[in-house]
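K.L.:
Top to bottom, those sequences are chains C and E. Just so you know, the first sequence maps onto residues 68 to 303 in the numbering used here. Just so you know, the second sequence maps onto residues 149 to 506 in the numbering used here.
It cannot be assumed that every hint is accurate.
Stated by the list, open to error - When the alpha-carbon atoms are kept at most 25 Å apart in a straight line, the in silico SDA-like pairs for lysine to any residue are as follows:
hint, chain 1, residue 1, chain 2, residue 2
1, E, Lys-322, E, Asp-342
2, E, Lys-454, E, Ala-339
3, E, Lys-322, E, Asp-205
4, C, Lys-283, E, Ala-339
5, C, Lys-283, E, Pro-332
6, E, Lys-322, C, Pro-284
7, C, Lys-283, E, Leu-185
8, C, Lys-283, E, Pro-190
9, C, Lys-283, E, His-182
10, C, Lys-283, E, Ser-363
11, C, Lys-190, C, Arg-278
12, C, Lys-283, E, Ala-344
13, C, Lys-283, E, Ala-485
Bear in mind the hints are in silico, worked out from the structure with no lab data behind them.
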Amino acid sequence: MILLAVDTALAACSAAVAHRDGEGVSVTARGEVIGRGHAERLMAVIAAATEAAGVTLAEVEAFAVTVGPGSFTGLRVGVAAVRGFALATGRPALAIGTLEALAAEAALARPGRSILAVLDARKDEVYVQSFDAAGAPLDAPAVATRTAAAARAVALDAVLIGSGALPIVALEPRLEIAGPQDFAAIETIAHLAFARFDAGAFVSPRPLYLRPPDAKPQTAARLARLTPTRPGEVRA
Amino acid sequence: MRILGIETSCDETAAAVVLRDAEGRGRILADVVHSQLADHAPFGGVVPEIAARAHVDLLDGLIARALDEAGIGFADLDGVAATAGPGLIGGVIVGLMTAKAIAAVHRLPLLAVNHLEGHALTPRLTDAVAYPYLLLLISGGHSQFVAVEGLGRYRRLGTTVDDALGEAFDKTAKLLGLSYPGGPAVERMAATGDPARFDLPRPLMRRDSLDFSFSGLKTALRLAAEACQPVDDQTVADLCASFQAAVGDVVRFKATLALERFRRDTGEAVPILVAAGGVAANRAVGRALAEAAAAVGGRLVIPPPKLCTDNGAMIAWAGAERLAAGLVDGLEVQARARWPLDGDAAPKLGSGQWGAKA
């Protein structure tokens, strides 16, 4: 079983070929921390990973991608590529959350602790998801204020992980950080993808934006009108 | 050769398959377009983030449909073409990444197509028009005259220094409380209006320039409308008719001038004027262009409306022409928000303009 995992959700532009047989899983990963410019670099990173693993894209049996939360453009780069791979090969696609991937790493670093995965979402907000001591999600990813996220972490006695962790510790100095990473390793994402594959959770991946598009509906015509409208006109 | 074409640069998600035969003639095997009109209508214009979100949800399904309608699979393709700009960058990235993925899996040549080149080469697909010809591209994003001298040989003769013509229609419709998109709404209202009631300006109507300017016209229309508040339906119709009359006069004048200049430059006895873009479907504009062509003894070609507005077939066709000429792109190719057709054109800036649009 050969799987390709792709992550362009945050600062990293990464790809991993994960191979599983009777003896276990081996992962061949390539990636760069670039911040932006994922659309130009991704195919070269994928080519480096597949070449190093000695496989072609046509041999890959499932494609996994991080769907967010993260940079809107970054999410679309990875999701468009993986949906293109799935379409072009007829193979299934799998969606992995950026927060659940971070939580998986926190669970390894601090076993037995509940976890709050937090990513900086700007505007004094964070993307946040909590997990129990067994690593199972307690809620869905959401946007929250830093204050609310800090309160949640205190209530759960959770360790923090992700780029939103430091500002929250600044609010609640008793809280602990499970690790320094701002994003999960592509190897972690690949391992989660196997679990999802085994569960048969095949999807058309969709970016998990968690915020609506920044646009306001047109309220009214700017002109004062005397009479009712004709057909074909729109009045708010 | 068979080329898959992908277009996602604005608010249409589109995929098509085009066949180019050995003689260089084209045939559309499939052409599917999903218009996001309804998604943007409440906002009175295209919202880039909404468009990008829709493209990523819709595109793979549309590609599958296009291949199905063409009755072929990926293995039957000779190349994958996608719009790489200019346009709304979030959407362009979605189409380009999808094309890269398909090209990588099937080891197909990738053709990163300039959206404007797609419009520019469409008459060769629909009407087998030979080089050289004069293109007037009039849409929500562009208003420009381009001398199309050969594949990759485009000379911009004039462009708008502020708003695109389609943008002027949309803003007029928005001001008057008409539906989006503005072109058809303004045209409908103008039908019962008096084009002589409001004396609106004809900006930049000078013989020394093929550039357009529409922002002053838009402002004049707003002032005229505000002076009549509260406006009744007849006033709205008269405003639309007066606006369209001004646009028609400008377009007729500029097209005549452009055809004369094009004939002088090329020596073509019967210069061909090709109109493309959504505004080319406006009948008043079409009439003005026909009059301009007749005035100089030229020929007007307007592709069918479906191929005037954004579509995948024009991208596939431009890709086919490029592939036939050996022009292939690498998988690192970048999506570009701004990408003038004549690569080295300097940005055109009108007064009070914040940045170049094309």
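K.L.:
Confirm or reject each hint.
P.N.:
Hint-by-hint comparison with the structure:
no.: 1; hint: E:Lys-322 - E:Asp-342; verdict: 20 Å, holds
no.: 2; hint: E:Lys-454 - E:Ala-339; verdict: 23 Å, holds
no.: 3; hint: E:Lys-322 - E:Asp-205; verdict: 28 Å, violated
no.: 4; hint: C:Lys-283 - E:Ala-339; verdict: 32 Å, violated
no.: 5; hint: C:Lys-283 - E:Pro-332; verdict: 23 Å, holds
no.: 6; hint: E:Lys-322 - C:Pro-284; verdict: 12 Å, holds
no.: 7; hint: C:Lys-283 - E:Leu-185; verdict: 16 Å, holds
no.: 8; hint: C:Lys-283 - E:Pro-190; verdict: 9 Å, holds
no.: 9; hint: C:Lys-283 - E:His-182; verdict: 23 Å, holds
no.: 10; hint: C:Lys-283 - E:Ser-363; verdict: 23 Å, holds
no.: 11; hint: C:Lys-190 - C:Arg-278; verdict: 12 Å, holds
no.: 12; hint: C:Lys-283 - E:Ala-344; verdict: 36 Å, violated
no.: 13; hint: C:Lys-283 - E:Ala-485; verdict: 23 Å, holds
Hints 3, 4 and 12 from the earlier list are contradicted by this structure; the remaining hints agree with it.
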